[in-house]
Every structure is written in structure tokens, then in C-alpha cells.
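Protein chains: 2
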Amino acid sequence: METVDCLPPKAFRNRHRNSTETVTHILKKKGVRVTQNRVDLLDILNDAQHPLNQKDIEERLSVKPDRVTLYRNLRFFVDHKIIHKIEVNDSLTSYSLNRTFIEEEHSEEHLHFYCSVCHKVICMPQLSIKEYDLPEGFSQQSSKLIVNGICNICNEEKQEI
Amino acid sequence: METVDCLPPKAFRNRHRNSTETVTHILKKKGVRVTQNRVDLLDILNDAQHPLNQKDIEERLSVKPDRVTLYRNLRFFVDHKIIHKIEVNDSLTSYSLNRTFIEEEHSEEHLHFYCSVCHKVICMPQLSIKEYDLPEGFSQQSSKLIVNGICNICNEEKQEI
DNA sequence: AAACATATGCAACATTGTTGCATATGTAAA
DNA sequence: TTTACATATGCAACAATGTTGCATATGTTT
Ligand SMILES: [Mn+2]
Ligand SMILES: [Mn+2]
Ligand SMILES: [Zn+2]
Ligand SMILES: [Zn+2]
Numbered sequence: 001m002e003t004v005d006c007l008p009p010k011a012f013r014n015r016h017r018n019s020t021e022t023v024t025h026i027l028k029k030k031g032v033r034v035t036q037n038r039v040d041l042l043d044i045l046n047d048a049q050h051p052l053n054q055k056d057i058e059e060r061l062s063v064k065p066d067r068v069t070l071y072r073n074l075r076f077f078v079d080h081k082i083i084h085k086i087e088v089n090d091s092l093t094s095y096s097l098n099r100t101f102i103e104e105e106h107s108e109e110h111l112h113f114y115c116s117v118c119h120k121v122i123c124m125p126q127l128s129i130k131e132y133d134l135p136e137g138f139s140q141q142s143s144k145l146i147v148n149g150i151c152n153i154c155n156e157e158k159q160e161i
Numbered sequence: 162m163e164t165v166d167c168l169p170p171k172a173f174r175n176r177h178r179n180s181t182e183t184v185t186h187i188l189k190k191k192g193v194r195v196t197q198n199r200v201d202l203l204d205i206l207n208d209a210q211h212p213l214n215q216k217d218i219e220e221r222l223s224v225k226p227d228r229v230t231l232y233r234n235l236r237f238f239v240d241h242k243i244i245h246k247i248e249v250n251d252s253l254t255s256y257s258l259n260r261t262f263i264e265e266e267h268s269e270e271h272l273h274f275y276c277s278v279c280h281k282v283i284c285m286p287q288l289s290i291k292e293y294d295l296p297e298g299f300s301q302q303s304s305k306l307i308v309n310g311i312c313n314i315c316n317e318e319k320q321e322i
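Protein sequences appear in the order of chains A and B. By the working numbering, the letter at position 107 of the first sequence is numbered 107, and the numbering carries on one by one without gaps. By the working numbering, the letter at position 83 of the second sequence is numbered 244, and the numbering carries on one by one without gaps.
In case anyone wonders, no lab produced these hints; they're calculated from the structure. A virtual CB, placed ideally from N, CA and C, is assigned to each residue, including glycine. Incorrect hints may have been included.
Straight line, CA to CA, 27 Å or less: simulated DSS-like cross-link-like pairs of lysine-lysine [claimed, not checked]:
hint : chain 1 : residue 1 : chain 2 : residue 2
1    : B       : K246      : A       : K130
2    : B       : K246      : A       : K55
3    : B       : K291      : A       : K120
4    : A       : K130      : B       : K281
5    : A       : K85       : B       : K216
6    : A       : K130      : B       : K225
7    : B       : K246      : A       : K120
8    : B       : K291      : A       : K85
Simulated coverage check for chain A against chain B, where a stretch passes if three residues somewhere in it have a Cβ under 8 Å from a Cβ of chain B [claimed, not checked]:
hint : segment
9    : 120-134
10   : 139-148
Start from the sequences, fold in the hints, and give me the full structure.
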């Protein structure tokens, strides 16, 4: 059988060939299976400028896997520390790629910002969560800080009006 | 018709007469309707040593209102700043009485502790959330900090073993 | 190409929370 | 004490989010 020297069909499903190669590399390095669903999902998170929620992700998927598969893969990536989960509030959970693969600066526990105007979530890895003196007998394992406010873009738009 | 000088039947539904009087006073002061459901609910939150979730509350209610009523009254109390809502994580939301009515020290934005062993939530009103220098253009409206770890009681029990 | 472990889809279920609407109850005025 | 009115409640229905069990499909290694 002849071997054709061109891109395999599945490569055309993704917008950017480079991103697909990057996320495939991440999965290979972690020693986990490279499936179309996983590549598509990571591709979307890699392209995104901000953390995305399950709805955002579904909107961007050209080929939608079963809802259960999406949940399972999100949990899988969190467990493998490929992405991190941001529980913004009761009804909003977003996910963001751990760019630790690329930059060192994306620290484990950092501030997350939620804009009450555009409802975007923004990772602020440069702002590590500060320490607190807990009462006698209490020990800390982890922490999370969500700051609610108005983002730079929405503040600019307010001034223009 | 004769007027009997004894406690009305509804007083017997609550464990402590004093607590009932306290919460009734809170509702009157706020100028909202004093209903049995509301008194029972506030009574339970007033008695509690820690924030309670919807399940905790239902367990303690001797006369259970409809689930919808419970949600509506919890939201009503939050809106009227009688209680505060603590979104611990994806699947746990707890509520705590705003003891500002009694003590001044229960500040608006404080640290909340979640024990990963006993799963109790603990308000730490003495630990106000620290300030952060947000990037240019960002403005802050509110914030929340959840610290995950092991509480004093669970740490003690660990030492004994 | 075959073998095996793992990923996926589907059906079913659970929990949390919301809305609309008819009825019940609390409060203040008569 | 009774009446009138606004508000609280119960019920039915719905929606969103997330989980589990199991049969089948797919990825990886040999
Ligand atoms: Mn982040
Ligand atoms: Mn608190
Ligand atoms: Zn914004
Ligand atoms: Zn504990």
C-alpha cells in the first residue's frame, strides 16, 4: 500500500495546525492516549485567551462528543494537571490550560478575576494568594480566591460613554 | 372568648424560646413578615455553631416547608443581609447568620475555612481578605476566599491516634 | 494484523436550583 | 374582631450540571 505524504484528514478539523501539534505533544509527554476528543478540547483551551466553561467549550467544538465524555475529559485533564478548574460561583465553573508547560510563572494558587459586566474569567498567575494566620490547631492544604469586579476592557467602554 | 395567659402552641415547635424571640426581633426590625418557616429557619442558623447547607437545614427542621420555600427564604435572607451565602465549591453552598446584628466584628468579607476531614465550614470573621494590586484598568467590587485544610478538632483527633 | 487497555456513547439517575400560578397566611386598617 | 390586601407558600413543571453502569469503539503496543 502506498504512503501518501500529506496531512491526514483529522488535521483539517482543527483551526490551527500548530496548536494541534502542541496539545498532542502535551498528551504524549503525559503518557496518556491521544484521542480526537481530547485534542479538540485541549486545542480550544489552548487557543482561548481566558478560562472557558462547559458551554463555551461546547460552542467551539465543531464535532461535539457526548456531554458525559466532555465532563470525563475535563476531570481527566484536571487530575493529570493539564488544566485547572476554577469554581467561580454556584453556577459557573471554568477551565484553563496550565501553561506551566510553557512558562514557569503560572503558579499553583493564584487569584482569579470575574468580570460582572462581560462575565469573563481571567487568570492572574502573577498574583499569588497571600498567607493568613489561621487560629491555633488549623492547618492549610489549599486555597482559592475569586475577585469580582469590572475588567479593563469593560472599564474602558464605560469611560467612552 | 377568654384569653389564656400561656405560650401559644407555635412556641413549642422551637427548641429555645430565647432564640425564637431573637430571630423574631431580627425580622421585625427588618420590617419583613414573620412567618413560621422563616422563624424556624433563622432559629436553626442562630443555634448553629457553623454555617449550614441546605441538607443540614432540612435535617434540623421539625416541620419541613416545601423545598422551593426553603430556597426562596434563603435567597430572601441573603438579599436582606440577614444571612450570608458561602459558595464553598461546585457542590457545596452553606449559609451563616450575619451576627453583625449582635457583634460589630463580623466583617463583610472574611476568610471561610473548609475542613476536608469533617467537611464543616467555619467562618473566620477576624480574618479579613487582604488587598491585591490588580492590573491597570481592573476595579474590584467584592471577593471571596476559601481556605481548605484540617480544622482544630480533626487535627487533635489525628494526634490521639 | 491482532490483542488489550482505555475512551466513548447511551440510558438512567441524582442534586440543585428556578418559574408560574393558585391558594394560604400575615399585617394593618376599619 | 373582622376585613382587605400584599406577600408567602405549595405544587407541578422545567433546566442545568454532574455522575454511574455497561456495551461498543478506538488507540497503542507487539
Ligand atoms: Mn488560573
Ligand atoms: Mn462567614
Ligand atoms: Zn469585562
Ligand atoms: Zn474538621
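### Message
Could you work out which of the previously given hints the structure breaks and list their numbers from low to high?
### Response
6
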